[in-house]
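S.K.: Start from chain U and add chain Z according to the hints.
Protein chains in written order, with our numbering: chain U, 1 to 270; chain Z, 271 to 517.
In case anyone wonders, no lab produced these hints; they're calculated from the structure.
Note that this is a predicted model, so its numbers are computed, not measured.
In this text, a Cβ means the ideal position worked out from N, Cα and C, and glycines have one as well.
Relax, there's no trap hidden among the hints.
Distance condition first, Cα-Cα at most 30 angstroms in a straight line; then the derived BS3-like pairs of lysine-lysine: (1) Lys278(Z) with Lys254(U); (2) Lys291(Z) with Lys254(U); (3) Lys61(U) with Lys287(Z); (4) Lys61(U) with Lys276(Z).
Some residues of chain Z that are not near chain U, with every Cβ distance over 10 angstroms (derived): (5) Ile420; (6) Pro425; (7) Pro433; (8) Ala437; (9) Ser463; (10) Pro467; (11) Leu476; (12) Ala514.
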Amino acid sequence: MAKIKLPPVPSNPLSSPKRPGKEYGPSGARGHAAEAGVSAVDWIDERTSLSGGLRWAMFRKVPKGTNWFYTLGSATMFAFLSQAVTGVFLAMYYDPSATRAYESIQYINNNVFLGEFVHGMHRWGSSVMVILIFLHMGRTFFFGAYKYPRELNWVIGVALLVMTMTMSFSGYLLPFDQRSYWATIVGVNINGTGPLVGPYLSEFLRAGPYFGATTLSRFYAIHMLMVPGAIAALMGFHLYLVAKLGTTAPPWIKAKGPEKLSEEKVTVEA
Amino acid sequence: MNKQQKEKYLRDYGTLKSQGKPFFPYAVAKDSAMAMVVMAVIIAMSIVLGAELGPKADPTSTTYTPRPEWYFFFLFELLRVIKPPALVQLATIGVPTICLILLFLLPFYDRGPERRPERRPIATTAGIFVIGAIGYLTYLGAAAGPPTQIDIPVPANVVSQGPTAVANYKAGEQVVAQSGCAACHKFGENGNSGPGPALTKVGARLPAQAIQRTLLNPSAPMPSFSALSEQSPKQFAQMVGFLAALK
Numbered sequence: 001m002a003k004i005k006l007p008p009v010p011s012n013p014l015s016s017p018k019r020p021g022k023e024y025g026p027s028g029a030r031g032h033a034a035e036a037g038v039s040a041v042d043w044i045d046e047r048t049s050l051s052g053g054l055r056w057a058m059f060r061k062v063p064k065g066t067n068w069f070y071t072l073g074s075a076t077m078f079a080f081l082s083q084a085v086t087g088v089f090l091a092m093y094y095d096p097s098a099t100r101a102y103e104s105i106q107y108i109n110n111n112v113f114l115g116e117f118v119h120g121m122h123r124w125g126s127s128v129m130v131i132l133i134f135l136h137m138g139r140t141f142f143f144g145a146y147k148y149p150r151e152l153n154w155v156i157g158v159a160l161l162v163m164t165m166t167m168s169f170s171g172y173l174l175p176f177d178q179r180s181y182w183a184t185i186v187g188v189n190i191n192g193t194g195p196l197v198g199p200y201l202s203e204f205l206r207a208g209p210y211f212g213a214t215t216l217s218r219f220y221a222i223h224m225l226m227v228p229g230a231i232a233a234l235m236g237f238h239l240y241l242v243a244k245l246g247t248t249a250p251p252w253i254k255a256k257g258p259e260k261l262s263e264e265k266v267t268v269e270a
Numbered sequence: 271m272n273k274q275q276k277e278k279y280l281r282d283y284g285t286l287k288s289q290g291k292p293f294f295p296y297a298v299a300k301d302s303a304m305a306m307v308v309m310a311v312i313i314a315m316s317i318v319l320g321a322e323l324g325p326k327a328d329p330t331s332t333t334y335t336p337r338p339e340w341y342f343f344f345l346f347e348l349l350r351v352i353k354p355p356a357l358v359q360l361a362t363i364g365v366p367t368i369c370l371i372l373l374f375l376l377p378f379y380d381r382g383p384e385r386r387p388e389r390r391p392i393a394t395t396a397g398i399f400v401i402g403a404i405g406y407l408t409y410l411g412a413a414a415g416p417p418t419q420i421d422i423p424v425p426a427n428v429v430s431q432g433p434t435a436v437a438n439y440k441a442g443e444q445v446v447a448q449s450g451c452a453a454c455h456k457f458g459e460n461g462n463s464g465p466g467p468a469l470t471k472v473g474a475r476l477p478a479q480a481i482q483r484t485l486l487n488p489s490a491p492m493p494s495f496s497a498l499s500e501q502s503p504k505q506f507a508q509m510v511g512f513l514a515a516l517k
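Looking at chain Z on its own, in the form it has when it is part of the complex:
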């Protein structure tokens, strides 16, 4: 906006304002009515949905589902959409940071005098696209199933080792399932494909030692399982054994 356009805006706005109504009581009445609606919605949600607690936080436990509050789903889903490990940093921090900077600086690069949405096709399209993208990612996050179920057929080489090996494999499968690994990793048909790599055949890629090292010292955002290995070495060993057997 150049100086002339600025002055024209201020002049037109001054005219519109002088023809308006005082804030009190006209706008205040509308705002109060809206506040009543907000209050009613909050009270209704509290009564209908309640505030139930899950089980107590337990750093050593193996049954957890790291799911954020629903309005963070779109950030969380961004991690799954962008899969290559080299780009994970881009997904976790890069894209949100760039979007935030663009949002902060919006009035400094969109300086045109036009305010009507239908005459600002680029801004309006971009806005609708962003809302659509956030909505879609939120939907994906909400639709993702509970990450506590894994059904992988017992591999042939485990079956050939006898019933003890199969029992250990099954126990490990349960530990992995309850640990919520499938929230970020794919196991055959189960789990989410990202942010973490698919683990369907992780045993073929990594030896048991390497899997154990990764579980103890993972790269972010994966949580460490060192607490589990200290509190319950048996379960941790079953977990490693199960993952190493996936070939």
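Excised from the complex, chain U in its bound form:
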């Protein structure tokens, strides 16, 4: 059998220390450039101590056996980020007044560079986000990942689901075409049939007893300030808990302890 040649071992992995009295530090332009980057990071870290938290979040271990189902949560977050970015660009041109909303969307579609494309990304991105959040919830449910110690994270996740649906509902009105207008009227009326809070909720949504001029700006504020802020905050807490408690392992993976430990024998010397 032919022997495999061993890879060469670096002769001296550590450079020898410099003589006392000589200046330490890098030499040459490249060295100084590298040093500048390191010292900038050091400067920030000295004042924020972020590197510890970052190391804790990024270099935590993920159990064996995690598969593609475990990417659904981050995919949902990515869809949310896409919604946020495209939403910012739409907000640059959108005018939340009952008389101008439709025209401003028309302007986005017809006159703004890539306007219809970004509008389409925002519109269909909402469908993608809803599908992903349901898939993520399905994975969590069937893998029993909501059980101890991750109960609170499940509750936050359901709150995020409700808020995502609220985003879809409030965003549906904003183009202010016939479909969105009448669907929203029926939707608000359905809310109004609820017990106790129902009438107050639909009055809050309509900004009054009837669907009026301020309704649209109210939906706009809900859609782009109130709910997204809450989603971002809860998403942060959701992620913190994931990092703190760890990603679950698939339920069929069995833990096997290190064998050396289990075979250990205790001998008592006389």
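M.R.: Relative to chain U, chain Z alone:
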């Protein structure tokens, strides 16, 4: 889960975790690949499906189809499945609220230590049933036809009143059809059977005055037609006349 089971879980999980790989770069690489797929899907949908606008919202108009976005279809269909008026509140708020509370509290009533889906038959069956139900209701919502077509033969008593009455009846039929009433009401062969009651013979049940009152002050979730009566009293009168003639 009792204390012993909790400790066993944490111990086993600790072992599995220590044998795993670091989040960066292994999980991050997978997540990034998935993010690329999501981005590609969104871009492809935007290019293929576009973002066309319908006609501008017009509170006085009579041509509208109150259809929600597709992922609300299952909530909307719930209204149609549960028909009796006494139970409408149950459909609109009761069932969704109860489901939502059950969903929120899931980890507090399902406390068993078992996590494998095939060893949790009740949870797995319930989950599959809920997904099936939502899927079926979404399908029903998607399959429901456009609620803008009504073909009801002109009643004999209208024909006997002469051509003006027939023309008025036809005009009223068109107003009702374009108002999307058939989205929630049944008219003979057309329309959906719910959430609203069938209107095939509404004239026999209610006099014109009562129909008019209902149109102006409907019970939720039906929208009011008071805007139409102010903007276009003629069309509103035709609408009332048509409905009152359905006997």
